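Novice: Sequence lines, in order, name chains R and Z.
Anchor point for the first sequence: position 330 equals 330 in this note's numbering, and the numbering is continuous, going up by one each time.
Anchor point for the second sequence: position 281 equals 281 in this note's numbering, and the numbering is continuous, going up by one each time.
I should point out that these hints are in silico values taken from the structure, not numbers from a laboratory.
Everything numeric in this text was worked out from a predicted model, so none of it was measured.
Hints should not be assumed to be uniformly reliable.
Claimed, not checked - The list that follows gives simulated cross-link-like pairs (lysine to any residue, SDA-like), each with its CA atoms no further than 20 angstroms apart:
no., chain 1, residue 1, chain 2, residue 2
1, Z, LYS27, R, ASP218
2, R, LYS192, Z, GLU91
3, Z, LYS234, R, LYS357
4, Z, LYS27, R, SER402
5, Z, LYS27, R, PHE221
6, R, LYS188, Z, GLU91
7, Z, LYS234, Z, ASP39
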Amino acid sequence: MSKQTKKTKMPEQNPQQRVNNFGEVALGYSAEDAINEAKRCLQCKNPLCMQGCPVEVDIPDFIALVAEGKFEEAAKKIKEKNNLPAICGRVCPQEEQCERKCIVGIKNEPVAIGRLERFVADYARDKEEIEAVTKQDKGKVAIIGAGPAGLTGAADLAKMGYQVTIFEAFHEVGGVLTYGIPEFRLPKAIVKDEVEKIEKLGVEIKLNHVIGKIKGVDELFEEGYDAVFVGTGAGLPRFLGLEGENLNGVYSANEFLTRVNLMKAYRFPEYKTPVYVGKRVAVIGAGNVAMDAARTALRLGAEESIIVYRRAREQMPAREEEIHHAEEEGIQFKLLNNPTRILGNEEGFVTGMECIKMELGKPDDSGRRRPVPIEGSEWVMDVDTVIMAIGQSPNPILLKDSPEIETTKWGTIVADEDTGETSKAGVFAGGDTVTGAATVIEAMGAGKRAARAIDEYIKGSKK
Amino acid sequence: MYKILEKEVLAPKITKFKVLAPNVAAKAQPGHFLIVRVDEQAERIPLTIADYDRQEGSVTIIVQEVGYSSEEICKLEAGDSFLDLVGPLGEHIETENYKKVVCVAGGLGAAPLYPKAKSLSEEGTEVITILGARTKELIILEEDFAELSQQLYISTDDGSKGHQGFVTDVLKEVLEENDDIDLVITIGPMIMMKFVSELTKEYGVNTMVSLNSLMVDGTGMCGGCRVTVGGETKFACVDGPAFDGHLVDFDEQLRRQQFYSDHEKLAHGHEIGGEGCRVKAN
């Protein structure tokens, strides 16, 4: 067993260099790094790490194979449970999941499970042979949304022998993996490749299909689908309702990132979709989306990119790794500040943002100390671009068409946590559309559980 | 891929396409729009559905060349295909229970206005149409509107056809002569819709406008098409594109249309570059 107390270091592009490109920040382990890191695993008899994995990957087994240098077999082991390993290895918050439970992590740094998963998936990318499930005779399932939840559910159902069709609103697959997460954290070629492998299992994907518009859920049943899974994510941007919010130069993070990631505005004018980035960019919010937006702005040429957050550093919801990367790249943090209005010129462009300073008061419902404005502390920040990254809600288009699917007051779908069952028979839901904006892996877990429940449901209804 | 069945040049730089998209045609209603993408590098361009034929499975769009992307669209020929076409999007409008409606179109605005006028006429509504443009060559769909309108007026800025001046001059006369108009629908340049709405407000006549805001997805996820309506922020793509003209903040919309004007300049100076967000087909 290895005596190494820390994780094997992840090779990275250096910060000065990477702020000038959209190439991946983390470069991935070498085979040697991977074997070295895999040897740190204790191979626990009762592996707690697996309890931390929403998609139940056989973590110690795959790591044992890595330690022996059997990378392709390790990839197969992961794929038994997880159809998007190259994605998960990059964007899962392992520190809160598998790695948090790792026994090595009690005294030392936990085994770098995420980095190993990524290495294995990348290694096997061109070597895997996917076989379609030839017998798709167990029933037909419609999946709405080709994001993490839908893709996972689709892959699992296809493997069980169902005929699966995914309906995707955009012209590309991946959902938030494609429009939301930037290229420098998750290259789109990797998303495409993992989705292509799911298609090879026999899953059909129909792009440019906005369910609720081109057809409704009931029509899907009429067309012969036995069950429907709704994995439409949380794509509706929130705004603060501030004066000046509709000035030119104010974006939702969704729009800013979609222009850059999905429409490839970072390659304008080769790609035709423009994006506006001024000299000084303020990003409101401190979650992963905010970090993505701030780091993207820097790469697009902003001289300064500033996170503005009403709480303190300890309360920032972004992953530590993302905050660290952002700091390394020179993102500034104006914490305990809340915007009160956005200022503009006669042409309607942003010229500044008024903020009020905040202090932390008593804990609120979330257990975090509530930020309270300090009276009379307003000041004006000199910015010309403002990006709102304060959260997203589920898109209501489908629900407007199917009002019988019960929702909460936040607009999320009411669904059973274990099965994804909704108030409408045969309709299951999971991912951000149920939980509100959360993580890729939680959505995948929900897709996996729903696939099992859909299998049970269809078997039951066909008896 | 979505195949172009027919192409017809209606006026200088204004082209009509009939595109095969049976599922979209099956659900299209007046007021809906769709989004097309020509190729891998192209923008997503919102265009109002100008007509649809459920039997044939086709939708009609009318495009004016105003920038790189719209020029690229207009280079397509019958037999070519759009890479992507998504729709129907937006909220359709109800055309029942109106007795007398005035339809006011400016330039390309006649295209998105047509299906609404057609549907009103089919519901037995008396339709008075005012078609305006800079000059007579830019008046489109005149015959189509003539077929369904009880009265049809033309107005050109240069007087080359019909009234010389603005559509609002003609509309004022119509409003003076008719005190039984339930609704004015107006589609065209933002500034025209603003002045039409100001005029109808004086006469207390309900007015519907249709906005051609900038947008990316058309499904409510970018928020780029924000519009202030009666003091509230709405998204043109999912809450509209039709709104009460008396409540829309047109000045804000006029400013928002200029968001990417620098990109447009850059695109014009760039051989391959382009920016065609502002396809003025609503």
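Novice: So, against the hints stated earlier in the document, which numbers end up violated here?
Specialist: Result: hints 2, 3, 6 and 7 break, sorted rising.
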